[in-house]
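K.L.:
As they're listed, the protein sequences go chains A and B. In terms of this note's numbering, the first sequence opens at residue 1 and continues consecutively. In terms of this note's numbering, the second sequence opens at residue 408 and continues consecutively.
Calculated from the structure, these hints are not laboratory results. Idealized CB from N, CA, C, for every residue including glycine. Do not take every clue at face value.
Label pairs and their computed distance ranges (CB to CB) [stated by the list, open to error]:
| hint | chain 1 | residue 1 | chain 2 | residue 2 | range |
| --- | --- | --- | --- | --- | --- |
| 1 | A | 133 | B | 494 | 58 to 64 angstroms |
| 2 | B | 469 | A | 44 | 43 to 49 angstroms |
| 3 | B | 494 | A | 109 | 50 to 56 angstroms |
| 4 | B | 469 | A | 113 | 20 to 26 angstroms |
| 5 | B | 686 | A | 113 | 50 to 56 angstroms |
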Amino acid sequence: MSLHSELDLIDYKALYNEAPVGYFTSDASGYIVNTNNKFLALLGLTREEVVHKIRFQTLLTMGGKIYYETHYVPLLQMQGSVNEINFDIVNADKSKVPILINTTKILSEDGNQIYWQSTVFDIIQRKRYEQELISSKKKAEELSEELISINKELNTQSDIIKKQNVALEKINLVKDKFFIVVAHDLRNPLIQLHSFVQLIERHADILSKEQLKEISLDLKSSLNNTLGLADNLIVWARSQMKEFSAQQSNVNIQEIVKHLILMNDDFAKSKAINLSYTFDGTKDIVADKDQLTFILRNLIMNAIKFTPKNGSVKVDVFEKNSETITINISDNGIGMSKELKESLSLMTVKNSSHGTMGEKGSGLGLSLVYEFVEMNNGTIDVISEKDKGTTFSVTLKSAEPQLPLSP
Amino acid sequence: MTILFSGFISIDINYLKSIRTMTKKELTLRNNIKILGYGDKTMVFAHGFGCDQNMWRHLVPAFIDSYKIVLLDHVGSGNSDLNDYDYDKYNTLQGYADDIIEICQELALSNITFVGHSVSTMIGVLASIGAPKIFDNIIMVGPSASYINSDDYIGGFIKDDIDELLSSMESNYLGWSSAIAPAMMANDDRPELSEELSNRFCRNDPKIAAHFAKVSFLSDHRHDLKDVHTNTLVIQCSEDVIAPVIVGEFVAKNIKSSKLVIMNATGHCPHLSAPDETIDIMKKYLGEIEVPA
Numbered sequence: 001m002s003l004h005s006e007l008d009l010i011d012y013k014a015l016y017n018e019a020p021v022g023y024f025t026s027d028a029s030g031y032i033v034n035t036n037n038k039f040l041a042l043l044g045l046t047r048e049e050v051v052h053k054i055r056f057q058t059l060l061t062m063g064g065k066i067y068y069e070t071h072y073v074p075l076l077q078m079q080g081s082v083n084e085i086n087f088d089i090v091n092a093d094k095s096k097v098p099i100l101i102n103t104t105k106i107l108s109e110d111g112n113q114i115y116w117q118s119t120v121f122d123i124i125q126r127k128r129y130e131q132e133l134i135s136s137k138k139k140a141e142e143l144s145e146e147l148i149s150i151n152k153e154l155n156t157q158s159d160i161i162k163k164q165n166v167a168l169e170k171i172n173l174v175k176d177k178f179f180i181v182v183a184h185d186l187r188n189p190l191i192q193l194h195s196f197v198q199l200i201e202r203h204a205d206i207l208s209k210e211q212l213k214e215i216s217l218d219l220k221s222s223l224n225n226t227l228g229l230a231d232n233l234i235v236w237a238r239s240q241m242k243e244f245s246a247q248q249s250n251v252n253i254q255e256i257v258k259h260l261i262l263m264n265d266d267f268a269k270s271k272a273i274n275l276s277y278t279f280d281g282t283k284d285i286v287a288d289k290d291q292l293t294f295i296l297r298n299l300i301m302n303a304i305k306f307t308p309k310n311g312s313v314k315v316d317v318f319e320k321n322s323e324t325i326t327i328n329i330s331d332n333g334i335g336m337s338k339e340l341k342e343s344l345s346l347m348t349v350k351n352s353s354h355g356t357m358g359e360k361g362s363g364l365g366l367s368l369v370y371e372f373v374e375m376n377n378g379t380i381d382v383i384s385e386k387d388k389g390t391t392f393s394v395t396l397k398s399a400e401p402q403l404p405l406s407p
Numbered sequence: 408m409t410i411l412f413s414g415f416i417s418i419d420i421n422y423l424k425s426i427r428t429m430t431k432k433e434l435t436l437r438n439n440i441k442i443l444g445y446g447d448k449t450m451v452f453a454h455g456f457g458c459d460q461n462m463w464r465h466l467v468p469a470f471i472d473s474y475k476i477v478l479l480d481h482v483g484s485g486n487s488d489l490n491d492y493d494y495d496k497y498n499t500l501q502g503y504a505d506d507i508i509e510i511c512q513e514l515a516l517s518n519i520t521f522v523g524h525s526v527s528t529m530i531g532v533l534a535s536i537g538a539p540k541i542f543d544n545i546i547m548v549g550p551s552a553s554y555i556n557s558d559d560y561i562g563g564f565i566k567d568d569i570d571e572l573l574s575s576m577e578s579n580y581l582g583w584s585s586a587i588a589p590a591m592m593a594n595d596d597r598p599e600l601s602e603e604l605s606n607r608f609c610r611n612d613p614k615i616a617a618h619f620a621k622v623s624f625l626s627d628h629r630h631d632l633k634d635v636h637t638n639t640l641v642i643q644c645s646e647d648v649i650a651p652v653i654v655g656e657f658v659a660k661n662i663k664s665s666k667l668v669i670m671n672a673t674g675h676c677p678h679l680s681a682p683d684e685t686i687d688i689m690k691k692y693l694g695e696i697e698v699p700a
């Protein structure tokens, strides 16, 4: 049998009706004018219910209808055919069947009528797979977004670390500089000590008792300064290790001031400085006792240090108002330059400055004074004029007066 | 660092764009503007959601003798410059309306007849309110001032339908793929590539198309209609699932100087499915208003 005669045997009608894909033909307004069994089975409807009764677009979901009107129809009109469009068809059971549709424009035999010839594949399994792919893709996109945000976070942290590094380097530099200053300041009194001892060693037989006493006094004053520096150094080291917190209690300010005046009496006398104090009021101060002592000791010693011979240093304690007590430490010494005054509150270790008799200081004491005042919720002000003198003014909270015990 | 750096650069470019007006050439590229015909009067065509300026192919020849025809693609659609798609600007239809005004000003167009389809009818409404002097007439094909039903209004849809539309769009890229996208930009004059570029009239970047769909179908411009002072023709199909007759009637009723014509044609794109009827209605209307009774 030839190929030609074999083809003749094919029943085209049966091929159309029994084909494993859905076929339908619709007119210009979408009415289905012919279809096959596969498509009817997919809809769950009979031929009588469909042909000339149903328009294809009415079988779609609402969203599908919009897509049909805004994409499918315009494309058909402009291209004459559309392939591989996915719609959901709502069948007789009201369940959605995903389909792929290919449509081509055909003309009626007289050429006056336009019809649309469509092929429909149901793609239930493919659609499921597609949805899995889409959800995997979405998951991957979410993960990628998460990664991007983690990356961003990492970048931010890396920036913070970089900034901290720069800050640390700066602090390190300050400390290095500070150690040089301290070493230098410690070395000076030792050299002084060394030369005193040498003096005694070489000239012990010719030195009078008075001369020896004078040398001893100088030596004592120099050693006092060195001890003060060593003390400050320990306090500072502790403060750097954040060991400090203010242990506040009611502190008798008069006791402390009197004690400090006594302690510095020799030092003041060595420069013939008149060291005096006044009290106005009797309230206690709320502060850490050790820190308050440190503050006042440093301010008093500084005042003596920077006041020339025959000058005066004064400590005035008074109740500024009902809640605070102010301690003024005033001298009529060399005063401070504007720059030095402005740098005080910056709380950094500065180059030491020399006292009026060459006394040494590392600037360490003053920076701790500022820190401790702040830790005790106080304020510190300074009024200073070059060659006229300096007044440091420390204001701290006063304690409630102790009620006398009832008899 | 490179990422940070390039981020800064792109901000700068956007900033520069925002502070100066675009040149005629830049606008032409941005909106893929085509100007045809040499008439004294101007007709501006603005396509709706879904496709591009090719939708007007049957109407253009009918008006080309008496009108200067301006065709454009909204930014994000057709062959517009996708790089100009700004999700903030186009988060409302006002962004598109501003583009129309900008184009008319830059191309020195006035006394225009604005022909808008679907969502572009409301873009025309906003543009005519913003710059009424530019507009002589608005011709609306299948307008809807609001698509979503509310207590006292029938728009035809509920919000879930729009989500369904988005999922339909997601499963129908119409051959859009990032690999072909660059070819879409420049192959208008190369028909040999037409095979590869099938579906190109409705093929849009999926992310942008989804955004445009949401902005279009969730827009509500019912309260803007009363501010339209331009003569308006509403062309309404007798059966339109997207803009039902009742919706077209609402638009016509709420615009002061408007005329409603209900067509024999059905569907949402009569300018494609029934161009002759559409042209007749338009010509009749334009003749009427040009010859005072």
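K.L.:
Hints first: check each against the structure and report whether it holds.
P.N.:
Against the structure, the hints:
no.: 1; hint: A:133 with B:494: 58 to 64 angstroms; in the structure: violated, 26 angstroms
no.: 2; hint: B:469 with A:44: 43 to 49 angstroms; in the structure: holds, 45 angstroms
no.: 3; hint: B:494 with A:109: 50 to 56 angstroms; in the structure: holds, 52 angstroms
no.: 4; hint: B:469 with A:113: 20 to 26 angstroms; in the structure: holds, 23 angstroms
no.: 5; hint: B:686 with A:113: 50 to 56 angstroms; in the structure: violated, 21 angstroms
Of the numbered hints given earlier, the model fails hints 1 and 5; all others are met.
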